[in-house]
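J.: Residue numbers (the numbering used here), protein chains in the order written: chain A, 20 to 259; chain B, 3 to 510.
The hints are all genuine.
Stretch-level coverage of chain A by chain B, calculated; a stretch enters the list once three of its residues show a Cβ under 8 Å from a Cβ in chain B:
id, stretch
1, 71-80
2, 110-116
From the derived model, a few chain A residues whose C-beta atoms are all more than 10 Å from chain B:
id, residue
3, Glu26
4, Gly29
5, Gly50
6, Asp174
7, Thr190
8, Val233
9, Pro237
Pulled a few chain A residues facing chain B out of the computed Cβ check, cut under 8 Å:
id, residue
10, Thr92
11, Lys96
12, Arg97
13, Val99
14, Ala121
15, Val151
16, Ala153
Worth flagging that the hints you see were computed from the coordinates, not collected in a lab.
Every residue gets a Cβ at the ideal spot worked out from N, C-alpha and C, and that includes glycine.
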Amino acid sequence: MSSGVVEVLGLEVRFGGVEAVAGVSFAADRGEALALLGRNGAGKSTTMRVLAGVIPATDGTVMVSGYDARRQTLEVKRHVGYCPDVGGLVPRATPWEHLQLAARLRRMPHGWENRARDLLETFDLADVAHRVTAGFSHGMGRRLSVVLATFHEPDVLLLDEPFDGVDPLGTDATLAEIRAVGQRGGTVILSTHLRELAVQACDRAVVLRGGSAVATAPSADLSGSDGEVRYRDLLERHLS
Amino acid sequence: MKGVPTRVMSAFADTAALVRFRVGTIRGHGRRVARVGLAVALVLLVVAAVVPAWFPDGRPSRIDVAVLIPSICLGVVLLATVAAATSGGGRRLFDHDEGLAYPLGPGVDHLGALALAPLNIAWILQGVTLLGVVAYGFGPSWSLLPVQLVSILWLVAATTTAQALSWTIEWVRRGPGGRWIIRAVAGLVGGIVAWLAWSARLGDLLDRTDLTKWVLTTQLHASAHSWWSWLEGVTALIVLIVVTGFLGALMAGRVATRLPRDQVRLESVHHRPRPAPHSDLVAMLRIDRASTWRSVPLRRGVFTLGMLPGAIALAGDMEWSSIAILPGLVCSGAALLFGINAWCLDGRGALWRETLPVEPGGVFLARAVVLVEVLVIALLPTLLLASFRAGRPTAEQAAAVLCASAVAITHVVASCMTSSVRTPYAADLGDARATPAPPLAMLSHSARLAGATTLIGLVFDGTAHAPVSWSVLVALPLILFSCWRFVRIASLWRDPVVRSRVLTTVVG
Chain A
20 MSSGVVEVLG LEVRFGGVEA VAGVSFAADR GEALALLGRN GAGKSTTMRV LAGVIPATDG
80 TVMVSGYDAR RQTLEVKRHV GYCPDVGGLV PRATPWEHLQ LAARLRRMPH GWENRARDLL
140 ETFDLADVAH RVTAGFSHGM GRRLSVVLAT FHEPDVLLLD EPFDGVDPLG TDATLAEIRA
200 VGQRGGTVIL STHLRELAVQ ACDRAVVLRG GSAVATAPSA DLSGSDGEVR YRDLLERHLS
Chain B
3 MKGVPTRVMS AFADTAALVR FRVGTIRGHG RRVARVGLAV ALVLLVVAAV VPAWFPDGRP
63 SRIDVAVLIP SICLGVVLLA TVAAATSGGG RRLFDHDEGL AYPLGPGVDH LGALALAPLN
123 IAWILQGVTL LGVVAYGFGP SWSLLPVQLV SILWLVAATT TAQALSWTIE WVRRGPGGRW
183 IIRAVAGLVG GIVAWLAWSA RLGDLLDRTD LTKWVLTTQL HASAHSWWSW LEGVTALIVL
243 IVVTGFLGAL MAGRVATRLP RDQVRLESVH HRPRPAPHSD LVAMLRIDRA STWRSVPLRR
303 GVFTLGMLPG AIALAGDMEW SSIAILPGLV CSGAALLFGI NAWCLDGRGA LWRETLPVEP
363 GGVFLARAVV LVEVLVIALL PTLLLASFRA GRPTAEQAAA VLCASAVAIT HVVASCMTSS
423 VRTPYAADLG DARATPAPPL AMLSHSARLA GATTLIGLVF DGTAHAPVSW SVLVALPLIL
483 FSCWRFVRIA SLWRDPVVRS RVLTTVVG
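Extracted from the complex, chain B is given alone in its bound form:
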C-alpha cells in the first residue's frame, strides 16, 4: 500500500503525462490555433490585472467598485460549482474507455478536471472581471502586485473548492434517492434565492455575507503594507487550496465507487414505441430528438442554461433593454452542448444512417431543426424568468428582445452547422461529463460564439431605445446573412466526399 505523499506525487506525474499526450495529439492548424488562443487568454488576464488600475477615478468610484469584490469572489465559486456539478464532476482529461487499460486512479481524474477548468470561457471571463475590478478598485501602486496575488490565489481556491463541491454533489446524486435529493436541494435553494430577489433582499444579504470578505481584507492589508496580516491571509488561501484539493481527490474516489445512475437509468429503461412516422422528416426528427433528450449532459445542460441566466437576471433586477443581451448568451451556451459538432449525436450509428436512402439535404435540415428546438427550449425559460421583475416591455423593448433572439438563433445555427461540417470530432454524448469536442476546441468555439452573440446583444441593447423599425432593420440583414451561410454549408454537405470525411471522423 503506497503512502499518501507517494500517491499524490504519482497522481501529479500521471496527470502531467496525460496532459503531454493530449497536447501531442493537437497537430497542424489546431496546434497554431491552440497556441494563439491560450496566448490571447493569458494576455487578456494580465491586461485585466494591470491596466484598469490606471483608469481615472470617476463614476463608479474606486471604493464603490472595491466593495463588490466579495460578491464577485462568491460568484466565481458559485458559477464554477454549477458548471462542474452540471457536468457530473467537470471535464475529463481522458475518456473512460481510454483509461480502462491503465492504472489511473481517481486522483488523476480530479487533477485533470482541475487542469481543464480554466479552459472555459466562463472561467476566463470571471477571472478577467475579478482581476479588472480589483485593479480598478485598488488603483495604481506597486502594492497592486501582492493584491493581485491574492486574487489569483482566490481564483485557484475557488476552482478547487468548486471541484470538491461538485464531486460531493455527484456522489450524492449517484447514491440512493440521489437524483431527488439534488433536485429538492436545488429547488429549495432556487426558491429561497428567488424569494430574496423578489423581496429585494438579495443585495443586502450579499453585502452582509462574510464568506468572502476576508479575501478583500487580505488585499486591503497588502494595500496598507500590513505584511504579516497579508501573509496570514495568503497562507489561509494556500491552506484552502490544499485542503479542498485533497478533499476533491477523496470525493472523486468515492464517486468512482458508485454507478452513474442517470446514465444507467437512461440506458436500461424501456421506451414505449410510438406509431410509425408519417413523413421522412418526422422520422429523422424523432430519432434526432431521442438522441438529444436521452443524453445526460444535454438534459442537464439545457436545464441549467434555461434557469441560470434567467435567475441571475431576476436577482439583478435586469431591465428589458439589458435582457436583449441574454438570447445571445444562452444560445451560444446551448450550442456548446452538441451543436458545434452536430453529427456526433449519431455516434457510431452515423455510418448506418448514411446508408439509408434519403437526400442529404433532408438529414441536414432535420439536424438543424433539432438544434433550433434546443436553443428555443433553453431560451424561453430564461426570458420568462428575466421578465418577472422587468415589468411590461414597451413595443421598442419587445421588438429588440425578439429581434435579438431571432438573430442569435440564426447566427448560432449557421455557425454550428458550419463547424459541424468543417471540423467534426468523434464524441459520445452518453456520459454526463462528455463534451462534443476536445477542451481547446470547446474553448475556441465558445470564445467565437460568445464574442459574436455578445456583440448581437449589445447592438439590440441599443436599438431597444430606438423605434421598432430600427430593431427590424438591423435584424433583417443579419438573419439573411446567417441564412446564406446556412444554405452554403448545406450545399457543401451534399458533396459525398465532404460527407464521408465528416462521418468517418465522427464514427472514430
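Just chain A, with the same shape it has in the complex:
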C-alpha cells in the first residue's frame, strides 16, 4: 500500500457485540478524491467517524496527515473537516454562530469572516445566516454541513452523504468545493451511495460490504451502465 495523507490499515470497530467495521484498509494521497461506496450498513459512516477522530478504532491503524487518529486526536481534528451523515448542526444555533465557534476553536486568522460569507453565498445560505438551524430543511442542513467541513480549508475533507436531499445547485457547489480542495493539494474522502456522483467527484473508489473493503477501482470503471453492472456484481458476488 502506498503511503498517503490518509492511511487506513486493518481498521476494526466494534460496538459491544456488533462489528461495524471488520478490517478495512485503504490510502488516499495528497490531491486525491477517494469514494467510499457500499450498501447501507457497509461501515462507510463508521469509517468516516474514525477518520474524523469522533470514535476510536477498536483495532488497526488510522493515520491522518501523519497523525495517529487514536492517540493524536486533537491534531487529527485540526487537519480534518467533517460533514457527518446525520444532522451535524446544533439546532438552536445560527450558521454564523457555528462558523464563529469553528473559527475560534480552529484558530483561524483574522479575516475568516470573508471566507465564511463567500461560502454561505456559494451554498445559497446567506439569507439564513442568522436563523437557527432547527428551522432548516434537510437539504439546507446538508449544505451547511459541507460549508462547516470545508470552511477552514482542511488537509483532509471528509464528506459523508453530502448530496443526500440536496438540490442540483447545492450538488454543483459541493462538487466544485471537492475540486477546489483537490486543486490546492488537499485530500477528499467521500462516502455516498450515489454511485454516479461519486464517479463524477472522485478519482478512485473503495467498495465496502459488511464492514470490509471488497474492491478498490478507478472511478471510471464504475461509470455508466457497464459500471453499474460491475458495481452490483461486486456487491452481490460477496453476498454469498
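Starting from the known structure of chain A, arrange chain B on it as the hints suggest.
T.: Then chain B, alone, in the frame of chain A:
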C-alpha cells in the same frame, strides 16, 4: 366518518398499543429499574392511603387536618394545570416525527398525556399528601375504603381537568396575540394572589372557597354511612372525569390545528450576530447558552420554577429556616429541564462539535457552567419572592440558606453531569413538550434528585437554628464530595470510548 364511540374506542386501542410499544423499548437494567420504581410509587400511595389512619389523634387533631382537604384538592388541580400548561399540553407518548407516518389522532395524544401525567414526582407527592391527610383526618374505620375511593377519583378528575385546562391554555397561546394574552392573565392572577397573600387574606379565601368542598362532603357522607349521598358525589366525580376527559380530547384536536407560535418564532427570527468571542470557553459558553435560552421548554420551565415555589412560600408566609428547603427543590426541578442529559443540548450537532479541536475538559466545563447558570437563574427569584414576608434573616438563617443553596447546586451539577455521561438519551428540546429523557427515566431522576435535595433542605432547616459555623461545617464536606464526583466524571468524559458512546447515543 366514524361515530364518536368508535373514535373513542379507537383512541383507547391506539394508546394501549403505543404504551405497549414504549414499554417494549425499555430493556435490561432499565426494565428492572422501571419495575422497582413503579412498585415503590404504588406501595407509597397505598401506605399513605392506609397507615396514617392508625396514627394517634393528637396535634394537629384529626379535624384540624380534615379541614385542609378542600385546599389540598384545589392545590392538586392548580399544580397539575401549571405543569401541563408549562409543557404545552403535557408529556408525549410518541414524538411528533415518529407519529407523522401513522394515523394517530389528537385523542391518542390526549390519552397519552393523561397516562403519563402520574409518572411525575410532583403528582406522586401530591397524591401521597392527599391520601395521607385523608387517612389521618378520617381515622381507622372500614369506611376509610369508600372515603379513599373518593380521594382517588378526585386525583383522576384533577388530572383530566388539568389536562383539559392546559390544552385550552395552549390553544389560546397558539392563537392571535396568544402569548400576550397568557402573559397578561398569568400576571393578573399572580398579582391578585400576591396581593391576597400580602394582605393575609389568601387563607380565608381558600377556607371559604366552595370549589372543592364537595369532595370533603362526599367523604363525610361515606364516613357517616349516608350511602345515597356518597353515591351522588361519586357519580358527580365520574361525570367530571368523563366530561373533562372528553373536553380535553376536543381541545387537543383544536390545538393540533394551530402552529406552535413560540417555537416557530424562535426558529424563524434573525439573531443579531455578536462580535467574535475572545476565548475558547466564551465561544463554547455562547453556543451552549443559545441552545438553552432559545429552547421553548427550557425558557418556560425556568420561568415557572423561578416563580412558583417562591409564590407558594410567599403565600404560605414561610419563615427563613423553612426557606432553606427551597434551593434543593428548585435546583432538582431545574435539573430536569436539561441537566440530567446535558449533551442533548447539541442535538445532532453533537457529532460536529466533537470534530472541533478542543480539549474535552473544556467542553465539559462549559456545559457545567451553563447548568449552574440555569440553576442560579431559577433560584434567585424564588429566594427573592420567599424573602418578602420572611423579614430580615438572622446571620444563622442567612448562612443556612446560602449554604443550602451552595450544597444543592454542587450536588445537582455533579449528579447531572454524572447521569449525562452514564445514561445519555437522544432528545430534541426544541418542542415545548420535549423532555431530556423518556418518562420513566425522568421519574427515576426526579425521585433521586428530589430525595437528596429534600434531605439537604431538612439538614439546613435544622442548622438555621444553630450558630453560623454549623451551617458552614456541614456544607463544606458536602460541597467537597460533590466536587470530587464532578472531577471523577470529568475525567471519565476524557475517555474517547466513553465520549463516542455518549455522542452517538445523543445524535440518535
